[in-house]
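Engineer: The hints should help you fit chain B onto chain A, whose structure is shown.
Chains as they are written, first to last, in this note's numbering: chain A, 1 to 761; chain B, 1 to 761.
Don't read these hints as lab results, they were simulated from the structure.
What you are looking at is a predicted structure, and each value in this text was computed from that prediction instead of being measured.
Check the hints yourself; a few may be wrong.
Copies of the same chain are indistinguishable here, so a pair counts whether it falls within one copy or spans any two.
Cut-off 25 Å, straight-line C-alpha distance, at most; resulting in silico cross-link-like pairs (DSS-like, lysine-lysine) [to be verified]: (1) K20 with K66; (2) K544 with K576; (3) K66 with K22; (4) K576 with K86; (5) K139 with K150.
Spelled out, the chains give:
There are 2 protein chains.
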Amino acid sequence: MEKDLNVVGTRVPMLDAALKAKGAALFTDDLVLPGMLYGKILRSPVAHAKIINIDTSRAEKLPGVKGVVTGKDIPDRQYGIVPMAKDEYVLARDKVRYIGDDVAAVCAIDPEIAEEALELISVEYEELPAVFDPLEAIKDGAPVIHDGVKNNTSFFIKKEFGDVAQAFAQSDAVFEDTFYSQPVNHAPLEPHAALAQFDPLSGDLTVWSSTQIPFFLRRNLSNTLQIPESKVRVIKPKVGGGFGQKIDLFAKDFCAAWFAMQLGRPVKFLYDREEVFISTRQRHPMYITVKTGVKKDGTILAQDFRAHADGGAYNSTAPTMIALSCFFLMIPYHVPNLVYEGSHIYTNKPVGGAMRGHGIPQARFAVERQLDMIADRIGVDPAEIRIKNSIHAGEPHSAGFVINTCGFSESVAKAAEAIGWQQKRGKLPLGRGVGLAGASFPSGVSNMSHISSGAVVQLGRDGAVNVLSGAADIGQGAETVISQIVAEELGVRIEDIRITAADTGITPLDPGTFGSGVTVRAGNAARLAAISAKNKIFEFVAEKMEANVADLVARDRQIYVKGSPETGMSMPEALKAYQYADLPMPIVGRGSWMAPASEPTTLFKEDGNFAPNYSFMTQAAEVEVDLKTGKVKLLKMVTAHDCGQPINPMLVEGQLEGSVVGGMGQALYEDVIVEKGQVMNPSFLDYGFPTFLEMPQIEAIEVETDDPIGPFGAKEAGEGTQLSPAPAIVNAVYDAIGVDFMELPLTPEKILGALEKKKKE
Amino acid sequence: MEKDLNVVGTRVPMLDAALKAKGAALFTDDLVLPGMLYGKILRSPVAHAKIINIDTSRAEKLPGVKGVVTGKDIPDRQYGIVPMAKDEYVLARDKVRYIGDDVAAVCAIDPEIAEEALELISVEYEELPAVFDPLEAIKDGAPVIHDGVKNNTSFFIKKEFGDVAQAFAQSDAVFEDTFYSQPVNHAPLEPHAALAQFDPLSGDLTVWSSTQIPFFLRRNLSNTLQIPESKVRVIKPKVGGGFGQKIDLFAKDFCAAWFAMQLGRPVKFLYDREEVFISTRQRHPMYITVKTGVKKDGTILAQDFRAHADGGAYNSTAPTMIALSCFFLMIPYHVPNLVYEGSHIYTNKPVGGAMRGHGIPQARFAVERQLDMIADRIGVDPAEIRIKNSIHAGEPHSAGFVINTCGFSESVAKAAEAIGWQQKRGKLPLGRGVGLAGASFPSGVSNMSHISSGAVVQLGRDGAVNVLSGAADIGQGAETVISQIVAEELGVRIEDIRITAADTGITPLDPGTFGSGVTVRAGNAARLAAISAKNKIFEFVAEKMEANVADLVARDRQIYVKGSPETGMSMPEALKAYQYADLPMPIVGRGSWMAPASEPTTLFKEDGNFAPNYSFMTQAAEVEVDLKTGKVKLLKMVTAHDCGQPINPMLVEGQLEGSVVGGMGQALYEDVIVEKGQVMNPSFLDYGFPTFLEMPQIEAIEVETDDPIGPFGAKEAGEGTQLSPAPAIVNAVYDAIGVDFMELPLTPEKILGALEKKKKE
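Okay, chain A solo, but in the shape it has when bound (with noise of 0.2 Å):
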């Protein structure tokens, strides 16, 4: 692999970091359309009810309100983001099932009129009983949130590779331990919003969203208003945070587009921060109980995993969430023989949804605080355990990955070197502690019903660069991380790129962003693009030059024979020269990827590739708890990360930073409190996430690998480094204070509680 490279792998700021710091940037709310009019959503106020009857005739009286629509109204048709999931209207038709559940729409003149008229539409409800326990939830007996599904659990997965009941007769020593995650929010800082335009004469919509996945937020729009989806444009303005929390279809989309569809004119939904909070998605509480069988110096033998996910009201994402924890058992670790039980479970609350991570945050934290609890009860140290279990590259694997590079076990030493392992492990005085934690991750899935990243590569006779690609940048940085990909393949400066991303009316398709897989998928579909054009100016120049196109290469927008950079014409040379020659023609290059697998997809199979390539990190972590309030403080972050070769240094860190926050959220702070179904901190103020004040001392550590598959050698940086800070934070509390905490956060109620204890004892 070439690697005398001059774009990719510089720490090229963020595109358009300067529109946005000046606010310049255009979120789908900046928008204004003329004539627009402001829709609100009405929100069941009750955890579980029939509806009996709804009068909206007051609403639709008040002066300024255009309309109001409910779940009669519209399509029967359910939503879901799995089509094998689809449990969900866009508005309740007969029953509501959480506090927040969206029961009505009404669109005004403006947002208070809009407001206003809510208070004027009357619902009868007939209240049912409700459950809020997953583990209530499943007994035979408890309230039915869905008719014919039993227990309430509406995904089961049973998964078996080896053969467990052997290999835990043969283990030296079994452990079983329980575990809690609690129910986070992903709180991106833009809320979720939607504006929607309908040309009556066309037939055309055009729905504007702060969507991750505008793609498939254009099939299901066509869905639930049953309508074709080309004749849906989705265009995706700037995102401010999703971290899953935008995968879905939301009230606010398929309302927009009904209402501009039934009055004509723009419409346009914004979700305050409580909406954000109760009706919307957040992480999956979860139940966990890992047994795991090691031999005397550490070895995994095997695993029996069973995870209890309370899902709130709806599937959203289930069955690929509890299919994700079970894979995700199987990286970094060498688990020879797993047994895998995951019940995904309804309750009269908040909706679980996808969120960085997506089920694995979770499972981790099971399984490297009880690896660590293993560690300790044969003593073997925590480091040494993690090495001594970690996959390796071009090894076999039990469900059947291919691993082309792997710097796990690297990761693991150097995290512990960098953190002070030797020196400080069981060494340092009361109240102060370290930890570790590893962790991996997919960079996107192999082959989803072939929904392949599709790009378009332009090039002008004035030099400039014009890429159309369907990914969605979100804030991460996708369209800088592309455009550095196309920048070096074409040979030419980053400020010559222009990139127009996530549009479904220009762009070619791309299935989004999620599962990490943008810079991988979509990099690679703008590489094989850039090269197509690149070929057809090469073709042109090598005619002029009288050389090979095989001996061209293409760097800092200069062409010219290999090894004689003195030779040759720049690129806005070449390329006005192109257009001047007979037939001048648009240069246009095509690239597409995805994933090679033999089937549509392999997420709900036996074995096979689950992903292109896999991340690997470890982190950890330097506590100090104050023995007094039970503050927990995290010192120091160092993670060691194989994200392959970053094709932007800056961008991994700022995703790595980010993914230390929110793991130190989901370790310390976050917690979405539901009482009797009703969230009691929905705002920023009361659910309390780390800010600036909290951050850590952060150290990142790179582990190069070079791997074949993606683009110049990159892996996913946005998700891997989440799993890990929660269980390296909470084993490093372990070290400082001798306790071992099974359920998360570690408030400070919680520490308090158990030194008390402790004493006691």
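Structural biologist: Chain B alone, transformed into the frame defined by chain A:
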């Protein structure tokens, strides 16, 4: 040629008609960006003066003012839409040359403050003698408007074809007559506007402008701002008419960009109606003397044509306009010997520029009027003299034009028949009369500096076709026509097409909208892109069907073996299958088209084919002159029109109706009245163009030809029909009252004066 068409040739409503009718379409002034500022231009109150000093300090101190700029602050670059004719600063540097000249610009937090600040700018002028009459301006000793331009004549073109002196000598009669055509304003409904945003990080400037030529505007901004062309992105929102007036760069474009770059905030400029009248462009007033030698039977042997065009203070399109006036004397009549002398003369008045017909309506008025006068003098029927002198397809042409198809003589006969020529001409009562006039127009010009039209056609798996075209729809329906061409070629329906047009950051190069070249140029490019995309899907389908690509046809969303429409598969099925094949790729077709020509442009050369093809038309008018009030009422206008195969007959009719109104205005109503350099009627109310109330009965007769070069046989339909209504009306007035008018417009005063004079004779 395949004549079994499905979409081309049908009356598809303009794609954006509904959005425009509902006020939902976004014109430049409808765009709103966060933190947007507003600009205004300070204009010269004097016709000719040196600028001694500009004091902007009081304006700068006005609260709310963010910036003031004068000609001294900006790069010293002259601007001109024609490179050889650059003579204008975006903001005046040392001199002002007409009342309305751009002197300074202010940027403020609202338009009212900006307006107020203009009054606080003190400009010290040293007034210079001014000249307003072009025939005075060419005299020795006249005030010098531009240094170094002798006799204020910035362009003088003399051309001769054949031997004019000899031909006059051989003529049976030679007639010389002098005509005057007045200044008229384009008066687009949408005033000129620009909005600019600058990204200080990338250095990217984005300008939304009510422009007809986004790619040239990009070039002109790059040049005047002195930043690379690749850093300028021009986006054309909806444009509410241009008619040539939106071809130039204006101070609003430059200053919006300038302030955006200086202040780091978006800046909008919107001209008011008075500014549109005084400081944009208008049709050149022209003094024309024609000397024509004919045989007894009316055969034209020679013409000597001398034109003095009053260009106002700057060149704008001067050389082009002057050259066009010449070349269009060679169509639609056979003029074997021609001498032409054309002068473009500076005066201290508003600036002449391109306007529908661009220099030709004035020439056509003179020639068509004189043709009637000659017919009368030698006793030949005006219709007959036109038919006798008509050029014909395939005949050699004196200027080297290649006329593949020509329906002119047929158009004369049909227009005459439809107006009732035989029954009415010379036979109606006093005050009532009929008249006719002919014309021809090119469908764009050949090779302009290798600026081709490009198009990209993308086929999505949803069956939608996304078209990227650089063509600028300014209200004429270019997007609809291009969409029809793509739909026809791909064999899909019009509603399957979604077009994105004229965004230099997304769409391929295109010269823009002028010279009626869009349908042929951009239409051919789009057709080629569609063919290229179709070939890709055909290759796939052929393999699947075990058929030959060459045998496949696509029609109405179905792909099948020719002759067996029951076989095959639908286009959406094919696209879906293609995407599910091993390597799904976006299907992207690219096309480019430019009228072939051996040299970059033939416009200023002695001969060569001027355009890809030529439209032909005859218009016949019936008028009623109120002998008491002098008011002329146009009762009926017949247009017999060869525009090849109309892509969309409804849009052709729309163009034709607009042309009739424009021609009526030129003949009877419109006149930009200038007194000592001051425009006296710069408002819709005072200017008084024809309205709904003045509309005549309009009859359109199609003279079908099938052009081999235009897409699906099409030729231009936007400008040709604007050329002959005025002479047809004036010829009809002659028939009605026996007065030969030589000057436009025929106001009631002139009619009454002439009747009075006639009575005395």
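Engineer: A separate judgement is required for each hint: does it hold in the structure or not?
Structural biologist: Status of each hint after checking the structure:
{"no.": "1", "hint": "K20 with K66", "verdict": "between (34 Å within a copy, 21 Å between copies)"}
{"no.": "2", "hint": "K544 with K576", "verdict": "within (13 Å within a copy, 40 Å between copies)"}
{"no.": "3", "hint": "K66 with K22", "verdict": "between (35 Å within a copy, 16 Å between copies)"}
{"no.": "4", "hint": "K576 with K86", "verdict": "between (53 Å within a copy, 23 Å between copies)"}
{"no.": "5", "hint": "K139 with K150", "verdict": "within (9 Å within a copy, 101 Å between copies)"}
Of the numbered hints given earlier, the model fails none.
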